[in-house]
Amino acid sequence: MKKFLLYLYLILMVYSQPLLAAEESILKSFEYTEGGGNSDIDFSQTKKEVPTKITLIDDSHDWLKDYIDGVSYSVDSFFVDTFFGDDVIDDEISGTRAKLSFFTRREIGQLVDYNYGISVRLVVPNTDERFSLLVQSTEDDDERQNNAVDTVEDVEYSTALRFMLKATENWNVSFDNGVKWGLPVDFFSRLRFRRLDYFEAFNTRITQKFEWSVKDGLGESTRLQINRPLNIDRLIRFEIGSEYQVDNGYFEFDYRLSLYHELNPKEALAYYLRASGEDHNNMSFNNYGVGFRYRRMVYQDWVFVEVTPELEVANTNYYDLTPIIMFRFEALIGGL
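Read in numbering that gives the first Met the number 0, the sequence shown has 282 at position 283, and its numbers run on one by one without any break.
Take the hints with a grain of salt, since some may be wrong.
[What the hints assert, rightly or not] In silico lysine-lysine, DSSO-like type, Cα no more than 30 Å apart, as pairs:
#1 208 / 179
#2 214 / 165
#3 165 / 179
No lab work stands behind these hints, which were simulated from the structure alone.
Note that the coordinates shown come from a computational prediction; the quantities given were computed from them, not determined experimentally.
Construct all of the structure, not just a fragment, from the sequences and the given hints.
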């Protein structure tokens, strides 16, 4: 019996060594907290930190980026190009567009000038917007009259057929062929290039036109526009343009710096500085202006009124400071 118990004891001693070693290795695999003495062992494993992502902020950033990208060239935006509707013939909104306008301008001490305008771009059906019919009135400052009735009678119009050679997100190339309905009738052709580029903090729009007419001969115009969004309701725009007529032999140029501010969905302000000149004999500026445009939507989303006070300095007035007030009533029709 004694031999049997001794034999059992030896077996237990042999097999207990690996078990003790395994227990020690398991204990060493856990993190030991500081403190010592009677402090307990912390058996919780170290957790890996996961970067925190605030969904609301990220989503807001994406929304802001999309808004900024669409501030100047969005179909649904009433800001800048859409809200002010300066050019419905060559703007970036697809489909049929029309603008009817009544414009008055008065220099202090002078009679009121009147001008009526119409611009229509009618897309020919079933042509995938390749062909458009254009109807425009003259926009020459010399055509303004001091009598509202005479202004209507003296307005001259032009009609043209536009063929879209290329239309992509960045490029737009079109060719117009038409007639200006004056006396005598003036036939014209026009080739237009437009390029859009988007950068991290701003976007650009470059337009170049080559135009020939029986009356004026060959001419070229170039315009560069740089748009820099400041926040979700403000945008600063710098523009520079030049025109050259071969028969004249000199350039006409203009510069404009504008700050657009959307007050609410129905109102907007545009503060601007402008300068223009020519290089007939030598390059010189002969017209400066500073002012602001207040524009308000007065009926649904297509009838607007606009008031523009301006201070002008021009060589025609011997560079005297001239206050000017302008009023504009417009109907912008789109998506017909």
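Going through the hints against the structure:
no.: 1; hint: 208 / 179; in the structure: 17 Å, holds
no.: 2; hint: 214 / 165; in the structure: 29 Å, holds
no.: 3; hint: 165 / 179; in the structure: 25 Å, holds
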